[in-house]
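A.B. asks: Sequence:
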Amino acid sequence: MSMNTTDIQALIDAIPARMADKGLRQPDGEFCIRANSTPSVMLKWWKQNGISNTHYEFLRADTPAEALDKAVKFIAAMPSAEEAKRNTFLEALAKVVDLGNELGQDVGALVSEMKRLSENVITDQRKVHARRRRAA
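All letters in the sequence shown, in the order written, are residues 1 to 136 by the numbering used here.
One thing to keep in mind: the hints can contain errors.
Unchecked claim - Listed below are the simulated EDC-like cross-link pairs for lysine to aspartate or glutamate, each with C-alpha atoms no more than 16 Å apart in a straight line: (1) K115 - D98; (2) K47 - D98; (3) K47 - D13; (4) K47 - E91; (5) K70 - E82; (6) K70 - E30; (7) K44 - E57; (8) K47 - D62.
Calculated directly from the structure, the hints in this document are not laboratory data.
Could you put the whole structure together from the sequences, leaning on the hints where they help?
C.D. replies: Here it is, written out as structure tokens:
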């Protein structure tokens with residue numbers, strides 16, 4: 001697919017909104033063409049745990065259209081905003097359980113709750129994937 005700068009700009013302009021829909025903070029996207037290199041898209045956002053914790057993702061391809069398509073697919077494959085919040089919570093809970101174990105504390109109730117929440121996440125993921133397959 002042949003693209004001009006207007007096409008590229010329109011696609012890259014839509015990237016931050018797609019990222020924001022996934023719950024990402026301060027999302028941004030850049031398209032880059034450099035000498036002796038392939039076209040690339042850089043995605044950037046702040047991780048949940050602090051403003052100085054910036055995450056970058058670089059996606060390269062042979063053509064501008066392929067690079068932009070990779071970016072769109074990368075974002076689409078990310079967890080939803082709610083799934084990301086749940087994952088962040090589960091990661092924090094796992095750290096608390098590990099700390100409790102290190103300090104010799106009873107963490108049985110926390111471990112049970114973690115297992116229940118994790119099973120819910122797996123069930124939810126199966127439902128999401130089934131809906132996506134039906135929609136395709």
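A.B. asks: Run the structure past the numbered hints and jot down the numbers of the failing ones, going up.
C.D. replies: Violated: hints 2, 3, 5, 8.
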